[in-house]
Amino acid sequence: MSYQHTIQHRTYRFDNLRMLLARATPFRSGDALAGLAADSYEERVAAQLALADVPLKIFLEETVIPYEKDEVTRLILDTHNKTAFAPISHFTVGELRDWLLSDAADTAALQALSPGLTPEMVAAVSKLMRNQDLISVADKCEVVTRFRNTIGLKGHLSVRLQPNHNTDDPRGIAASIIDGLLYGSGDAVIGINPATDSPQAVVTLLQMLDNLRLQFDIPTQSCVLCHVTTAMQIMHHAPVDLVFQSIAGTEQANRSFGIDLALLKEAHEGALSLRRGTVGQNVMYFETGQGSALSANAHSGIDQQTCEVRAYAVARQFAPLLVNTVVGFIGPEYLFDGKQIIRAALEDHCCGKLLGLPMGVDICYTNHAEADQDDMDNLLTLLGVAGCNFIMGVPGADDIMLNYQSTSFHDALYVRKVLGLHAAPEFEQWLQQQGIMDHTGAILPVSNAHRLLGYSATANR
Amino acid sequence: MELRHNNHIQEDPWASLRAFTTARIALGRTGAAIPLKEVLAFRLAHAHARDAVYSHLDTNGLQEKLQAIFAGPVLQLHSSVADRYEYLQRPDKGRRLDTESSGRLSALKDEYKQQDIAIILADGLSATALNIHAIPLLELLLPMLKAAGRSVAPLCLAEQGRVAIGDEIGALLQAKCTLVLIGERPGLSSADSMGAYLTYSPRPGNTDETRNCISNIREEGLDYSHAAGKISYLVSEAFRLCLSGVDLKDNYGLFLEK
Numbered sequence: 001m002s003y004q005h006t007i008q009h010r011t012y013r014f015d016n017l018r019m020l021l022a023r024a025t026p027f028r029s030g031d032a033l034a035g036l037a038a039d040s041y042e043e044r045v046a047a048q049l050a051l052a053d054v055p056l057k058i059f060l061e062e063t064v065i066p067y068e069k070d071e072v073t074r075l076i077l078d079t080h081n082k083t084a085f086a087p088i089s090h091f092t093v094g095e096l097r098d099w100l101l102s103d104a105a106d107t108a109a110l111q112a113l114s115p116g117l118t119p120e121m122v123a124a125v126s127k128l129m130r131n132q133d134l135i136s137v138a139d140k141c142e143v144v145t146r147f148r149n150t151i152g153l154k155g156h157l158s159v160r161l162q163p164n165h166n167t168d169d170p171r172g173i174a175a176s177i178i179d180g181l182l183y184g185s186g187d188a189v190i191g192i193n194p195a196t197d198s199p200q201a202v203v204t205l206l207q208m209l210d211n212l213r214l215q216f217d218i219p220t221q222s223c224v225l226c227h228v229t230t231a232m233q234i235m236h237h238a239p240v241d242l243v244f245q246s247i248a249g250t251e252q253a254n255r256s257f258g259i260d261l262a263l264l265k266e267a268h269e270g271a272l273s274l275r276r277g278t279v280g281q282n283v284m285y286f287e288t289g290q291g292s293a294l295s296a297n298a299h300s301g302i303d304q305q306t307c308e309v310r311a312y313a314v315a316r317q318f319a320p321l322l323v324n325t326v327v328g329f330i331g332p333e334y335l336f337d338g339k340q341i342i343r344a345a346l347e348d349h350c351c352g353k354l355l356g357l358p359m360g361v362d363i364c365y366t367n368h369a370e371a372d373q374d375d376m377d378n379l380l381t382l383l384g385v386a387g388c389n390f391i392m393g394v395p396g397a398d399d400i401m402l403n404y405q406s407t408s409f410h411d412a413l414y415v416r417k418v419l420g421l422h423a424a425p426e427f428e429q430w431l432q433q434q435g436i437m438d439h440t441g442a443i444l445p446v447s448n449a450h451r452l453l454g455y456s457a458t459a460n461r
Numbered sequence: 001m002e003l004r005h006n007n008h009i010q011e012d013p014w015a016s017l018r019a020f021t022t023a024r025i026a027l028g029r030t031g032a033a034i035p036l037k038e039v040l041a042f043r044l045a046h047a048h049a050r051d052a053v054y055s056h057l058d059t060n061g062l063q064e065k066l067q068a069i070f071a072g073p074v075l076q077l078h079s080s081v082a083d084r085y086e087y088l089q090r091p092d093k094g095r096r097l098d099t100e101s102s103g104r105l106s107a108l109k110d111e112y113k114q115q116d117i118a119i120i121l122a123d124g125l126s127a128t129a130l131n132i133h134a135i136p137l138l139e140l141l142l143p144m145l146k147a148a149g150r151s152v153a154p155l156c157l158a159e160q161g162r163v164a165i166g167d168e169i170g171a172l173l174q175a176k177c178t179l180v181l182i183g184e185r186p187g188l189s190s191a192d193s194m195g196a197y198l199t200y201s202p203r204p205g206n207t208d209e210t211r212n213c214i215s216n217i218r219e220e221g222l223d224y225s226h227a228a229g230k231i232s233y234l235v236s237e238a239f240r241l242c243l244s245g246v247d248l249k250d251n252y253g254l255f256l257e258k
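Top to bottom, those sequences are chains A and B. Residues in the first sequence are numbered consecutively from 1, following the working numbering. Residues in the second sequence are numbered consecutively from 1, following the working numbering.
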């Protein structure tokens, strides 16, 4: 089906929904690289005007990749909940935007609506929204998940402690973990990106993490972010809490990651069977990021933000504990500067939340992007206001293994302090018991004799 | 960096753990904030990385030095990218020569074509890395290639180039393989790291799995003599097997890879 909009005497035509979505997207370098961006500012607004008038029902009829060709499309349509969709089934995309911002769309209404929304509907409405709208709507959502603690409650912000080391040296990793715990980080997960994907190296790191957790009775979960097939191979003889995988929004892009839906289902069932969660059974940890499908040459003519939101359909099928959009990692050919990174992060967070996902954001950039710490400070503050479930905690914001800059333990303290946000309740209680944090949430000085420093001495011997 | 010590800083009593990692741990704090001394140290590292991204290939200086160690022609080429701003956003253009450059290669005399190996020096994301490391590496590598009986095509300097620009250059030179020396994406701890990519049977459209990569060439990383030895070994293996990439396993010595 084609779409059009006329501005004065000029009529802009868009061949199909896929093209309309791409042309309506706020500018970013990746869409230009793919040849999908609008040619002018006017064309972009024309596309947004046309998109605003598209009935939501169209999204159930016109796919951006054919049903027969792509299992993500099949998943989206086969799991669409018509009952949940019913209250908004007569809306256009524009009406959905206005309704989302209305007082009628409260937390309960948004939670009830979530299974009735498809990724393409959510991507479409986000393209019409200003940054302020993306923050307002996300702030009204609440997505709570549980494993050994409770993540995503309103007024809380959790942190993935990311203690990476360039040679996976357990002592070096332990040093960064102690640093992070003493700064109040680690309630989302203690998660290591391994430098190698060898099963034995992963097992060694998992055992180290589990010993540390058990010795200090830390109410959190651990993860070594290896490929899902590696986790499946070792999960019956190693302490696997969460199963990790990078995912994307097209079948072909997922195949380039070495996965498909059947494999994820098998991994999910395997992780559930371990029964390691104490307060809940959300056992999956997914990472995504705009541009990944284009980077794998598997975007099928879909703009990078719509591809990203389709990845959330994959995620929500497996009830994850954490979904993390690694927004600025991919580089300037996809998101050029601080402005594009900030916009993309707010989109991802809001779209994921609308689809019912426990969204966190890796607020980050590489050295060849036009961005710096000031941009990250802005984004961190905006996401704190928007109610982001979790962020990363990297020593001094400098990841020495992945060679990029994320947020620091100090950054997490900053945003919790200025916005009055708390760590996950179980973890916060533990921090207080350990003398790391006081009852107001302020971090306390620790002495040489702190028992966590005793651990590091033992581990380093 | 020397900043006067002040009393607002809450020091962390685990500085001894820094012995186990180069991560920025035990930074201390003032309130919830990182102490200024550490903020400025970070900013300086980022400044070095940013300056490296925007650095220029010293084409004339490199040409002069190359001609002192290499008897054949040294060519100055350019990708189809207009400037660094475009380079960062259009990797496709950084992989292709501009028309003047491709014309010059096509017009080269036949005697320079069909050689064993074409060596290309591209700025990539850190021209600084090439300006510092390319000559010392080639001073060791060129004699090793000669000793192994390999013929070397005219050396090429490629401004605003990506790794795959070597495919077009190699194809126009009809070289059996290419070695692209290129500036790697600068990290906070290393703004001058050089990479070397070996591709057997270069042609446009080759993808990453057809290449072997030697990374982190710099004095504090993989030093020149080890890098040259490793490249020389991979070239021999590539010619023995008539391929490069994932099927060419790197069994040369025991090196600490990143």
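It should be emphasised that the hints constitute simulated quantities derived from the structure, not laboratory data. Remember, predicted model here, so these are calculated numbers, not experimental data. Note that beta-carbon positions come from the ideal geometry of N, C-alpha and C, so glycine has one too. Where hints are given, some of them may not hold.
Simulated restraints, written as ranges between beta carbons of each label pair [stated by the list, open to error]:
1) Asp-139(A) to Leu-36(B): 29 to 37 Å
2) Asp-92(B) to Val-385(A): 35 to 43 Å
3) Thr-167(A) to Lys-249(B): 17 to 25 Å
4) Glu-220(B) to Gly-258(A): 30 to 38 Å
5) Ala-108(A) to Glu-220(B): 53 to 61 Å
6) Val-385(A) to Leu-241(B): 54 to 62 Å
7) Gly-205(B) to Gln-432(A): 58 to 66 Å
8) Pro-73(B) to Lys-265(A): 57 to 65 Å
9) Arg-275(A) to Lys-249(B): 55 to 63 Å
10) Asp-247(B) to Thr-79(A): 53 to 61 Å
11) Gly-205(B) to Gly-258(A): 51 to 59 Å
12) Asp-372(A) to Asp-92(B): 20 to 28 Å
13) Glu-269(A) to Asp-247(B): 29 to 37 Å
Just so you have them, the derived chain A footprint on chain B, three or more residues with Cβ under 8 Å [as the list claims (entries may be wrong)]:
14) 15-27
15) 129-142
Here are the simulated DSS-like cross-link-like pairs (lysine-lysine), alpha carbons at most 27 Å apart as the crow flies [what the hints assert, rightly or not]:
16) Lys-37(B) to Lys-417(A)
17) Lys-65(B) to Lys-113(B)
18) Lys-65(B) to Lys-146(B)
19) Lys-146(B) to Lys-37(B)
20) Lys-65(B) to Lys-109(B)
21) Lys-109(B) to Lys-339(A)
Each hint, compared with the structure:
| no. | hint | in the structure |
| --- | --- | --- |
| 1 | Asp-139(A) to Leu-36(B): 29 to 37 Å | holds, 33 Å |
| 2 | Asp-92(B) to Val-385(A): 35 to 43 Å | holds, 38 Å |
| 3 | Thr-167(A) to Lys-249(B): 17 to 25 Å | holds, 21 Å |
| 4 | Glu-220(B) to Gly-258(A): 30 to 38 Å | holds, 34 Å |
| 5 | Ala-108(A) to Glu-220(B): 53 to 61 Å | holds, 57 Å |
| 6 | Val-385(A) to Leu-241(B): 54 to 62 Å | holds, 57 Å |
| 7 | Gly-205(B) to Gln-432(A): 58 to 66 Å | holds, 60 Å |
| 8 | Pro-73(B) to Lys-265(A): 57 to 65 Å | holds, 59 Å |
| 9 | Arg-275(A) to Lys-249(B): 55 to 63 Å | violated, 41 Å |
| 10 | Asp-247(B) to Thr-79(A): 53 to 61 Å | violated, 41 Å |
| 11 | Gly-205(B) to Gly-258(A): 51 to 59 Å | violated, 23 Å |
| 12 | Asp-372(A) to Asp-92(B): 20 to 28 Å | holds, 27 Å |
| 13 | Glu-269(A) to Asp-247(B): 29 to 37 Å | holds, 35 Å |
| 14 | 15-27 | holds (count 10) |
| 15 | 129-142 | violated (count 0) |
| 16 | Lys-37(B) to Lys-417(A) | holds, 22 Å |
| 17 | Lys-65(B) to Lys-113(B) | holds, 23 Å |
| 18 | Lys-65(B) to Lys-146(B) | holds, 18 Å |
| 19 | Lys-146(B) to Lys-37(B) | violated, 51 Å |
| 20 | Lys-65(B) to Lys-109(B) | holds, 23 Å |
| 21 | Lys-109(B) to Lys-339(A) | violated, 50 Å |
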